Amino acid sequence: MMRRWAPIVVGVALVVLMAVLPLLNLSLPGILPTPTYMPGTLALLSLCMVFAALALSYNLLLGSAGMLSFGHALYFGAGAYGLGIALEHFGVPLFPGIFVALIGGMIIAFLTGAVAMRVSGIPFAMVTLAFAQAGSVMVRRNSDITGGEEGLGLATEQVPDFLIGVVNTRSLYWFTLVVLVIVYLVVLWVDTSRLGHLARATRENEQRVRVLGLHPYRAKLMVFVIAAVLASLAGVAYMLLQSGTVPRAVSADLTITILVMVVLGGVGFRWGAIVGGVLYTLLDQRLTVLAGSEAIAGLPDFLRIPLSEPLFLLGVLFILVVMFLPGGIAGTIDAWWRRRRGEKVRLSLRTIDDADAEAEAPVEVRA
Amino acid sequence: MSMLVLTLITGVGLGALYFLVASGLSLIYGLMHVLNFAHGAFLTLSAFIGWLVAQALGTASWGSFLLSIVVGALVGAAFATLTELVLIRPLYERHIEQVLVTVGLSFAAVALFEGIWGTDPINIAGPPWLKQTTEVLGARIPNTYWVLMIAAVLVLAALVLFLQKTRYGMIIRAGVENRSMVTALGIDVRRSFTLVFAIGGAAAGIGGVLAMHYTTFVSAHLGSTLLIFAFIVTVIGGLGSLTGAAIASVLVAVLQQFANSYLSGTGDFIVVILLALVLLVRPSGILGRKA
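Line by line, the protein sequences give chains A and B.
Going by the numbering used here, the first residue of the first sequence is number 1, and it counts up by one from there.
Going by the numbering used here, the first residue of the second sequence is number 1, and it counts up by one from there.
Treat the hints as calculated values from the structure; they're not laboratory data.
Note that the structure is predicted; figures quoted are calculated from it, not measured.
Incorrect hints may appear among the rest.
What the hints assert, rightly or not - Simulated DEER-style distance windows between Cβ atoms: (1) B:A56 to A:P29: 23 to 33 Å; (2) B:R191 to A:L299: 35 to 45 Å; (3) A:T192 to B:V86: 35 to 45 Å; (4) A:L214 to B:T183: 47 to 57 Å; (5) B:T243 to A:E204: 31 to 41 Å.
Even for Gly, the Cβ is constructed at its ideal location relative to N, Cα and C.
Only chain B is shown next, with the shape it has when bound in the complex (with noise of 0.2 Å):
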């Protein structure tokens, strides 16, 4: 039972980090029709700066902890917009194009990474109590969890406000169901794009503090690897469709755990068997509009 429990809260958490780096990427696949491979160097960076923050400040304060994470965000904003206004909108409709620049950009990032950190991992340290566990029935759940969860519902909650409350949401949604008529009306899409980039940045850049927490050390492959999976969870959420990859998140991550604790570790599999069964059954991923 404890073991069932433990798989089940811990295969949230890790749903709860892919969703922080599934929904930014979501949302720009959506509006823009643009795959950002740089999504994972965005991430990367701010887990790189978070972690300068956080030991400048000493690491065992929960001051440093919520600094960094709000670091993290801004400087993965920061990158995202950058690269939209210097990389993204010069080639503007050319799709290919600009998957092949956020291509090089993560090529060129991960690379200066390990020229300015070096190419081992670093360790890291949090506050103490993120180290310990909390019991729930019996299971005993390492407390990063539970951080990663409430920042990704906080996330959540936010861009759902957002996107519900406000005149540029309402423009991002109209620009993700039909651009072409938004543009009709007079209303220049393209500076949402470069909105729509900044927050897909700043929820890459909690991800990757948080992440670097999860994994214990950052190192300049963090994003690479977590960049698959919330490519994989997009997918099968269904493109641009946030609820989406809100509930691929957790799918994913759920079974993946499962399969690690009780399949011999074979999470990484299943993760990609179960793409492909969505993919022969729904291409369109699970709440995709037709393809």
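Just chain A, with the same shape it has in the complex (with noise of 0.2 Å):
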């Protein structure tokens, strides 16, 4: 009984303690730039969530579906993009706009997943890479709708009062930490019901299901829309918080950055995501900090190149986490505590690799 209530009543006090953060006056010098009341750490929590909530998104397809995409940042910028586009050129108030934002990223999921889907594992990849470049080129080139590479600005005058400007950076907090619970909800609702399971079947044992007289290819299809449209509501919070939005928020680098988060969290895990999501956050923020204090500008060269690049630092933590932490951190610390608890361990990115490895047997052997 208390295992089982456990993570529900931790995930409540945390959605609670989030909610009242705005209220109090604490410091955490180092991580946080300033006291959590002030505006600066609250739009930096907020773009926690955001990208918190695009990992757990993404979690849904790499850790359940076993869907290696690398075009998730389409359905992103579908979101920033379609909401910008809807209250700038339609004039369309903000809610409306939302839910518009919302199908677009829809539609444009169904379509792209229902033809990247003719293949699977790295192909798979490769041909959603290819999506999310059109929509990125489509993005860049269209500057009278998108505004190019200048970025789409939000127009202020559709969205109401108490969502814009630096004063009202608490109400834009609690916006987005509205996104990222209903985001953890609906995901941890497919994850749960049977459409989850059968996606999880699928990415142990595709023929297995086939034979049963189930459809894969519908569930996987039924997952990646989900997760797309979960996307796009992060992309309509990030567009809001931003107050605008640039073409890397449909690049083939943003995707890149959702990977790094759920690998570093742990893939498979959705309290993984959004550790994982935070945590780069942080890390990208300090680290920016970092490469432009004078203790770096003081060292030598070969020194001062490498960590003055955030990017560079990531990218190498995101190797070493691969190589030697391949379960990401809530990987580790639920093998950790699952071990010392006597249980068996799996790791979930090996189990992705098995099921591919085994597709690709010949069926002879197998019988």
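Join the two chains into one complex using the hints; note that each chain is given alone, in its own frame.
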């Protein structure tokens, strides 16, 4: 009984803590730039939550359904640009605009997903990358709609006053917290539903699922579309938070960033994705501050150049995690916890790989 | 007419560039089932080092141009070999993690290149002949395209000779066909993994130096842009098939150039549509084996 309720109690307590944070005066020097009630920290924490939500949606794809997509940024960008375009060019009010952005993300996800799932494994990764690239090119080219390289600003006249300006960072913070909670609940619901079980079964052995008369393609596509809509929702929150978006929101770089977050946190663990998203965003911000600091500027070139590039350090960290900590943070803690209780441990990435290898092996040998 | 010829020949030239990048990717995937995201980083580093060499020897001479290509190939091969030995080999048979490691490497490498050479593209120069044009059937073709085509044909010929005529080439071909059988015959396939990486890296290195002359600048992102087209080419051509990659490179690039000239610059978009169509009709690509 205790074990079943413990995660829920901890989760609710965390959400409540996050919700009252803007009302408290806490300082975490070295991690947060200002005390928690100041806009600087609230904006940073909101960004953390946006990326945590995005990482959660990606984890649904990679961790639960075993699909390595390199095009997830497309749906994030669809949310951000969708909202921006709906407000700017069609003069729709905010909430219908959000709805339009989500529907747009869903349609794009359905079309691209249905085609990309003609192949699986590594080819799937390449195809999703190509689609995202096409999206990125379209955003950059059609500058009269999307603002091109300059990016698209938020049409503030359509947005309620309480969500605008530095003074109202607090309400934006609460908005992103709500988004994160919604994304978490949907992911939890999918993971525990019939659909989630089917997706996991497909990940393990697609042929067996088909023999049972179930439809792996349909299940995978459903999960893909749900994950994409959640990414669009994160994109909507990003658009409001940054009051604008730039082409980077659709780029392959961003997808790789999400991948780094999820792998860092631990593939297949919902809390791992959140930890990964938050940790990455904080590290990125802190390392950028470090890069500009005087301590770095005084170093000789061969130390100064690598240390002043946050993405270089994060890339190296990512490589080290993949090579020496394959479960990520959550996987390693979980494995340690299970080993202490004498349960069997399996790392999620390895499982996906094994399923792939099995799919490649000739059928005669297995029978 | 001259417009048609121009589009066609520049398309083939661009295809030659795609092939230089895609050939290595396709071989690596065929043998090892690794999607090498770091291929773009091999290419970019070769371009930068090639540019440094050319600068040191005077950019206008043909000698420095050829030497920069050779150095580019060597740098690409060395970088690729190192990547295989340090990052790929310890993760033997764990494909997803191998892909992730190459993703991390490309991520880190681009940032490091930006740190060393700055974020702005650096304009480069080469032998003056490269800036001129040659007239074919009334179309004025920039000379860089000829160099690209010659390089790609030489690389293709060298690869085919190597794969058909040498013992290592035979092992690689056998490994692409059926790796477990090769292993069962007592041959250490892993040694050929390093070789394939080195060859792919060298081809990408040549591609990098030439891509720099093609775009007339070099930046830390030179490789990432080309890499995506190389991915598309390898999927359309059929993963693991060198001939497929060659055919698809030309097909994709010619189509792209035609769309750019006649359909108001929609080339990139058309290529993705082509990819979608190929996947719908024939998911394993033009010359790929049954998926």
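So, going through the hints one by one against the coordinates:
At roughly 49 Å, the beta-carbon separation of A56 (chain B) and P29 (chain A) lies outside the given 23 to 33 Å, and the hint is violated. Between R191 (chain B) and L299 (chain A) the C-beta distance comes to about 40 Å, which sits within the given range of 35 to 45 Å. In this structure, T192 (chain A) and V86 (chain B) meet the distance hint of 35 to 45 Å, their C-beta atoms being roughly 41 Å apart. Under the hint 47 to 57 Å, the C-beta atoms of L214 (chain A) and T183 (chain B), about 35 Å apart, miss the expected range.
In this structure, T243 (chain B) and E204 (chain A) meet the distance hint of 31 to 41 Å, their C-beta atoms being roughly 36 Å apart.
Violated hints for the displayed structure, listed by number in ascending order: 1, 4.
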